[in-house]
Amino acid sequence: MRGGRRLVGRSLPEDRRRSVARSGHTGSVEEATARRAARAGVRAAAPLVIAVFPFGLVYGVAVGASSVDPWVGGAASWLILAGAAQLSMLDLIDGDAAWIVVVSTGLVINARFALYSAALAPAFARFPRRWRFTLPYLLTDQAAAISLQYYEHQRDPVARRWFFLAGASSFAASWWVSSVIGVLAGGGIPEALQISFAVPVMFLALLVPTLRDRTTLAAATVGAGVAILGAPLPNGINILIGALAGIAAGRVSDR
Amino acid sequence: MFTLAGVGTFLIRMSVISLVGRGVTVSPPVEATLRLIAPAVLAAIVADTLVLDGDGLNTEWTWFVAGAVAAGVSWRWRSAGATMVAGMATLWLLLAVF
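So the sequences go chain by chain: A and B.
Numbering-wise, our numbering puts 15 at position 11 of the first sequence, and it's gapless, one number per residue.
Numbering-wise, our numbering puts 13 at position 24 of the second sequence, and it's gapless, one number per residue.
Simulated from the structure, these hints should not be mistaken for lab results.
Yeah, the Cβ is synthetic: ideal placement off N, Cα and C, and Gly gets one too.
The reader is advised that the hints may include incorrect statements.
On the chain A side, residues computed to face chain B include the following (Cβ under 8 angstroms) [said to hold, decoys possible]:
# : residue
1 : Ala86
2 : Phe137
3 : Ala149
4 : Ile232
According to the in silico footprint, chain B covers these stretches of chain A (three or more CB under 8 angstroms from chain B) [unchecked claim]:
# : stretch
5 : 116 to 129
6 : 214 to 227
Simulated coverage check for chain B against chain A, where a stretch passes if three residues somewhere in it have a Cβ under 8 angstroms from a Cβ of chain A [to be verified]:
#  : stretch
7  : -2 to 10
8  : 14 to 24
9  : 29 to 35
10 : 55 to 64
11 : 67 to 75
Let the hints inform the model, and build the full structure from the sequences given.
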């Protein structure tokens, strides 16, 4: 928000700036909105941030056990910021797959982000350019899910972008820290705890609040069913096809 | 390789967002489609991470029971924190007993 105010300060003549400060308080109202929205974002993310942590540990441990340089594996968390894709790519690199196979597998698994991009686009369209072209870096399943939920009852673009920034950064930070700890800790995490179960539970916690009526329920049921049927397909493709089938089924059930 | 995939992933994330600019209005049928994206994608991921294990089916019944409890808690209380606690607690309880 401070950046935005500086911009206003530069573009307005001195006398007008003073009158805005005296009468409207636009700057401070906006700042309060932003701060409130950012807090709401962190609060919404908090329980799920804890769930991202074991996922990151699993990835970090996998990096340590693989032939990939730990620095390179760790850097992937910054470059890609998507657990499922990183894990599959790691697996392929370890199996000496051709680079084109590795890269395209990662991209196929992340193709679902195009769907989130579409879902968020109407809200993001009202953000300033520099927000619109930087925030998508932080777009993850978790960030998309909590933001879409928040946007249903929050129409203010200022609140919307600060909520996304704060919530999505929380997930990203958790992912970065936990994957580094995983690399360093190696196999120090007891297998018996089955912490990887936190991953499906986290996605359940994101999914269930989106089920509000017949159409969303139809979309979810078909999405899950097709993803299971598509199990023999390469990693990520079953999710993509399941999602598309689910969306189609939801639209049909709406008729 | 990670760099290439990272750039590609960023472009995917940016894709539709960069195309839809200010002043674009979303028609009702498009909006109805957009609101199905989250449930469809998330359900597919839940199915993939809970029900599947590699190419085959997951045979850990404890996961299904704990998953069902977590889903029930989420449905009733709509709280991500309560869902996480209920799911993990149920799993650990089952693992301790059986």
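Three or more residues of the stretch 116 to 129 of chain A near chain B by CB distance under 8 angstroms?
holds (count 13)
Establish whether the coverage given for the stretch 29 to 35 of chain B by chain A is satisfied; the threshold is a Cβ-Cβ distance below 8 angstroms, and no fewer than three residues must meet it.
holds (count 7)
Would the hint on phenylalanine 137 of chain A be counted as holding, given a Cβ-Cβ threshold of 8 angstroms to chain B?
Result: holds, 7 angstroms to nearest chain B Cβ.
Do at least three Cβ atoms from the stretch -2 to 10 of chain B come closer than 8 angstroms to Cβ atoms of chain A?
Satisfied; 12 residues make the cut.
Using a Cβ cutoff of 8 angstroms, are there at least 3 residues of the stretch 67 to 75 of chain B near chain A, or does the coverage claim fail?
holds (count 6)
Do at least three Cβ atoms from the stretch 55 to 64 of chain B come closer than 8 angstroms to Cβ atoms of chain A?
Since three or more residues must qualify, the claim that chain A covers the stretch 55 to 64 of chain B holds, with 6 doing so at under 8 angstroms.
Examine the stretch 214 to 227 of chain A: at least three residues should have C-beta closer than 8 angstroms to a C-beta of chain B.
Result for this restraint: holds, n = 10.
Just to make sure I understand the rule, a stretch counts as covered if three or more of its residues have a C-beta closer than 8 angstroms to a C-beta of the chain. Does the stretch 14 to 24 of chain B meet that for chain A?
holds (count 6)
Min Cβ distance, alanine 86 of chain A to chain B: is it shorter than 8 angstroms?
At about 6 angstroms, which falls below the 8 angstroms cut-off, the nearest Cβ of chain B leaves the hint on alanine 86 of chain A intact, so it holds.
Can you verify the interface hint for isoleucine 232 of chain A: is its Cβ closer than 8 angstroms to any Cβ in chain B?
Interface hint status for isoleucine 232 of chain A: holds (5 angstroms vs cutoff 8 angstroms).
The hint names alanine 149 of chain A as touching chain B; please verify it with the least Cβ-Cβ distance against 8 angstroms.
holds (6 angstroms)
Hint violations for this structure: none, all hints satisfied.
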